[in-house]
Amino acid sequence: MDVVGLTPVIPVIFAFALPLTSIIVKGNRKIIQAYALLGTGLTLISALKLFELVYSSEKPLIYTFGGWTAPIGIIYEVDRTGALIALVTAALMFLIAIYNYRYLEHEEGLEWYYTLYLGLEAGLIGVLLTGDAFNLFVMIEVTSIAAYALVAFYRGRKDAVHAALKYAFIGAIGTTMYFLALGILYGAFGTVNFADLSAKVHGLSFPVTGSPVGNIVIASGVALALATWAFLIKAAIVPNHFWLPEAHPAAPSPISAVLSGLVVNVGVYALIRFLYTVYGGELTPGLAKIVGTLGTVVIALGAVSALFGALMMNAQRDVKKLIAYSTIMHMGYLFMAVGLGTELGLQAALFHIINHAIAKALLFLVAGMFIHAVGSRDINDLAGLGRQMPTATLGLAMATLSLVGIPPFNVFFSKVLLFDALMEKSLALAMVIVVSSVTALVAYMRVFYKIWLGKPVKNVTLKEPVSMGLVVLLLSMAVIVIGLAAPMVLQNYIEPAVAQTVNYKLYIQTALEYALRLKLP
Amino acid sequence: MSTSEFLWAYLWVVLLLTLAVSLYGIIARPNMLKKIISLTILGDVVNVMVVFIGYRFTYPVAPPILPSLSKESLSQFVNTAVDPLPQALVITAVVIGMAVNMLLAVLTIQLYRLYGTLDVREIAKRGGEE
Numbered sequence: 000m001d002v003v004g005l006t007p008v009i010p011v012i013f014a015f016a017l018p019l020t021s022i023i024v025k026g027n028r029k030i031i032q033a034y035a036l037l038g039t040g041l042t043l044i045s046a047l048k049l050f051e052l053v054y055s056s057e058k059p060l061i062y063t064f065g066g067w068t069a070p071i072g073i074i075y076e077v078d079r080t081g082a083l084i085a086l087v088t089a090a091l092m093f094l095i096a097i098y099n100y101r102y103l104e105h106e107e108g109l110e111w112y113y114t115l116y117l118g119l120e121a122g123l124i125g126v127l128l129t130g131d132a133f134n135l136f137v138m139i140e141v142t143s144i145a146a147y148a149l150v151a152f153y154r155g156r157k158d159a160v161h162a163a164l165k166y167a168f169i170g171a172i173g174t175t176m177y178f179l180a181l182g183i184l185y186g187a188f189g190t191v192n193f194a195d196l197s198a199k200v201h202g203l204s205f206p207v208t209g210s211p212v213g214n215i216v217i218a219s220g221v222a223l224a225l226a227t228w229a230f231l232i233k234a235a236i237v238p239n240h241f242w243l244p245e246a247h248p249a250a251p252s253p254i255s256a257v258l259s260g261l262v263v264n265v266g267v268y269a270l271i272r273f274l275y276t277v278y279g280g281e282l283t284p285g286l287a288k289i290v291g292t293l294g295t296v297v298i299a300l301g302a303v304s305a306l307f308g309a310l311m312m313n314a315q316r317d318v319k320k321l322i323a324y325s326t327i328m329h330m331g332y333l334f335m336a337v338g339l340g341t342e343l344g345l346q347a348a349l350f351h352i353i354n355h356a357i358a359k360a361l362l363f364l365v366a367g368m369f370i371h372a373v374g375s376r377d378i379n380d381l382a383g384l385g386r387q388m389p390t391a392t393l394g395l396a397m398a399t400l401s402l403v404g405i406p407p408f409n410v411f412f413s414k415v416l417l418f419d420a421l422m423e424k425s426l427a428l429a430m431v432i433v434v435s436s437v438t439a440l441v442a443y444m445r446v447f448y449k450i451w452l453g454k455p456v457k458n459v460t461l462k463e464p465v466s467m468g469l470v471v472l473l474l475s476m477a478v479i480v481i482g483l484a485a486p487m488v489l490q491n492y493i494e495p496a497v498a499q500t501v502n503y504k505l506y507i508q509t510a511l512e513y514a515l516r517l518k519l520p
Numbered sequence: 000m001s002t003s004e005f006l007w008a009y010l011w012v013v014l015l016l017t018l019a020v021s022l023y024g025i026i027a028r029p030n031m032l033k034k035i036i037s038l039t040i041l042g043d044v045v046n047v048m049v050v051f052i053g054y055r056f057t058y059p060v061a062p063p064i065l066p067s068l069s070k071e072s073l074s075q076f077v078n079t080a081v082d083p084l085p086q087a088l089v090i091t092a093v094v095i096g097m098a099v100n101m102l103l104a105v106l107t108i109q110l111y112r113l114y115g116t117l118d119v120r121e122i123a124k125r126g127g128e129e
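Chains as they are written, first to last, in numbering that gives the first Met the number 0: chain P, 0 to 520; chain R, 0 to 129.
So here's chain P without its partners, still in its complex pose (with noise of 0.2 Å):
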């Protein structure tokens, strides 16, 4: 099978065998967690070897399920920009899952939790490999369900479940209108097919379905509307946000590291098809006034949720809840840059992704080692802890001062780029930046002081468990090796990615070849 087709699968099934095998094995915890360790590491496998496949090739790739090819049936077609995220996503999945086993020793239902986990990821490979409309639908569902039912792990908690509620209330909301954008897209272009989509709209033929019906620009301007509206809820913009502040902290710390670093994303990775693959480039005067518009608008939101998540994260006395205001702060910033519609955005946009969810994870993880080890999430309860726990402060260092921007660590130099991309436009938006890094950094100057120099509240002795010291470890390390090598990376696989990603006619032309072999009589 291809590979291609494979790595979305692999998760698929693990997941969807587990019960069973749990029930086989009764339910020992030692043999679930090596099934999920070997899940994860299957589709990590799978998702390097994709990105190899990928890089070496000039075209993206194409995997055709059940052989039935791109306006007839679903077809998932990967580019470089896919790629990449995807084996970000899976190398982040398996090195949390590790985390899990330490984090979970005093909890049930181990077995339930790795079967939303393996979902999870089965969903978000998905998301990124799809080449259809219609199965990103799908996908982003299977993500966000799976992510509904983790926030709400700890059923006997009233914020876990309260904050669940919501999330899956106002993301169900979402997903309906995303649904009625594709029927909207559907009846003007009788199409869901990205490459198909995007002839039609740049005015190529695409076999099979015929040409658009009606006013094009009307029907593409609210089915966009409807649809970035979705991915704004998914991405947590404001005033969609509302929901994350709850939902991050009440989930156990690995799957706030899960939700806050890589399910957000989903909203980003989408649009980024959307303005993009199918209606990026040259556009008639109509359909190019409505992708400005929304530009615009998207810019906007994300700067306003950049200044109002760094204000919100010095008000917060919960280090968790904290943590989640910097993940509303880093989606602004992704979608002023995807915003802009340029070559340059997208580079910094997806440079952002990949720094944000490494250390965005680490963060969260190194939160969670705090947390296991006192039982609270109060900032005032870690006081102290830093002295005793090493790899958690040192991780700690590393993810804030990252996270902030300061000089050798990764997520500096995609807001250098950032930076520039949006001085491009104005210097105002570029200053954002600035001053909301600069906020953000107080507020965590403030976490760290407490937890390095503030007075124990009790006295405790305390262990850092291995398993999970080491996943903090290397991804320190990774925070400090992408840094370092950041020239090197931007050069050999941002750049790479974002030229492919921006050469729409490539992906159409790559899909036009495998339709053209469709024998009609």
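It is possible that some hints are incorrect.
To be verified - Distance condition first, Cα-Cα at most 27 Å in a straight line; then the derived BS3-like pairs of lysine-lysine: (1) P/48 - P/25; (2) P/504 - P/58; (3) P/48 - P/58; (4) P/58 - P/518; (5) R/124 - R/33; (6) P/157 - R/34; (7) R/34 - R/124; (8) P/288 - P/157; (9) P/462 - P/449; (10) R/124 - P/157; (11) R/33 - P/157; (12) P/518 - R/70.
As the list claims (entries may be wrong) - Restraint-style ranges between C-beta atoms, simulated for each label pair: (13) R/79 - P/508: 18 to 26 Å; (14) R/76 - P/287: 35 to 43 Å; (15) R/121 - P/281: 25 to 33 Å; (16) R/79 - P/295: 45 to 53 Å; (17) P/214 - R/111: 41 to 49 Å; (18) P/212 - R/14: 15 to 23 Å; (19) P/210 - R/94: 18 to 26 Å.
Hint data in this document are derived by calculation from the structure and do not stem from the laboratory. Every residue, glycine too, gets a C-beta built ideally from N, C-alpha and C.
Place chain R on chain P using the hints.
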């Protein structure tokens, strides 16, 4: 205006009104269960809209099934059937919607067990404190 055009316009008006009612329910009703019922109505309205997008007036009508892949059956299909793809999309959306609604229902039961009420104003007042 012919009868069919009138019915078509009438159906869209009814759908948009139902959409408005469901949005009202989601925003304004304080009871969580009523909110979820409104959400399912919203989902159903959107599903029906997508089915209507694929509908067209033809007579005589036949089910959208292609018995064999030949020129004659294909031309007959094009003349007598509605577009089956939106129906396939809706079937998928219905199944996904069921999963989401079931999760929402389970969480609502759990919310009632923990708080003893489903009034969101009351729950917001008490917050997430243990």
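Status of each hint after checking the structure:
1. For the proposed pair residue 48 of chain P and residue 25 of chain P, the alpha carbon gap of about 34 Å is over 27 Å, so the pair is violated.
2. A distance of roughly 11 Å separates the Cα atoms of residue 504 of chain P and residue 58 of chain P; the hinted pair therefore holds under the 27 Å criterion.
3. In summary, the hint linking residue 48 of chain P to residue 58 of chain P is supported, as the alpha carbons are separated by about 16 Å, within the 27 Å threshold.
4. For the proposed pair residue 58 of chain P and residue 518 of chain P, the alpha carbon gap of about 24 Å is at most 27 Å, so the pair holds.
5. As the CA atoms of residue 124 of chain R and residue 33 of chain R are separated by approximately 19 Å, the hinted pair is consistent with the 27 Å bound.
6. With a C-alpha separation of about 19 Å, the suggested pairing of residue 157 of chain P with residue 34 of chain R holds against the 27 Å cut-off.
7. With a C-alpha separation of about 18 Å, the suggested pair residue 34 of chain R and residue 124 of chain R falls inside the 27 Å cut-off, and the hint holds.
8. Distance restraint check for residue 288 of chain P and residue 157 of chain P: the Cα-Cα separation of roughly 47 Å exceeds the 27 Å cut-off, and the hinted pair is therefore not satisfied.
9. Simply put, residue 462 of chain P and residue 449 of chain P have alpha-carbon atoms about 19 Å apart, close enough for the 27 Å limit, and the pair holds.
10. Pair hint residue 124 of chain R plus residue 157 of chain P holds up; C-alpha atoms about 13 Å apart against a cutoff of 27 Å.
11. For a cut-off of 27 Å, the pair hint linking residue 33 of chain R to residue 157 of chain P stands: about 20 Å separates their Cα positions.
12. Distance restraint check for residue 518 of chain P and residue 70 of chain R: the Cα-Cα separation of roughly 13 Å lies within the 27 Å cut-off, and the hinted pair is therefore satisfied.
13. Residue 79 of chain R and residue 508 of chain P have their C-beta atoms about 36 Å apart, which leaves the hinted 18 to 26 Å range violated.
14. Checked against the hint of 35 to 43 Å, the C-beta distance between residue 76 of chain R and residue 287 of chain P comes to roughly 38 Å, which is consistent with it.
15. Separation of residue 121 of chain R from residue 281 of chain P is about 55 Å and departs from the stated range, judged on CB atoms against 25 to 33 Å.
16. A C-beta distance of roughly 47 Å is found between residue 79 of chain R and residue 295 of chain P, which places it inside the suggested range of 45 to 53 Å.
17. With their beta carbons about 48 Å apart, residue 214 of chain P and residue 111 of chain R fall inside the hinted range of 41 to 49 Å.
18. At about 20 Å, the CB distance of residue 212 of chain P to residue 14 of chain R agrees with the hint of 15 to 23 Å.
19. Distance hint check: the CB atoms of residue 210 of chain P and residue 94 of chain R are about 32 Å apart, inconsistent with the given range 18 to 26 Å.
When the structure is compared with the earlier hints, violations turn up for hints 1, 8, 13, 15, 19 and for no others.
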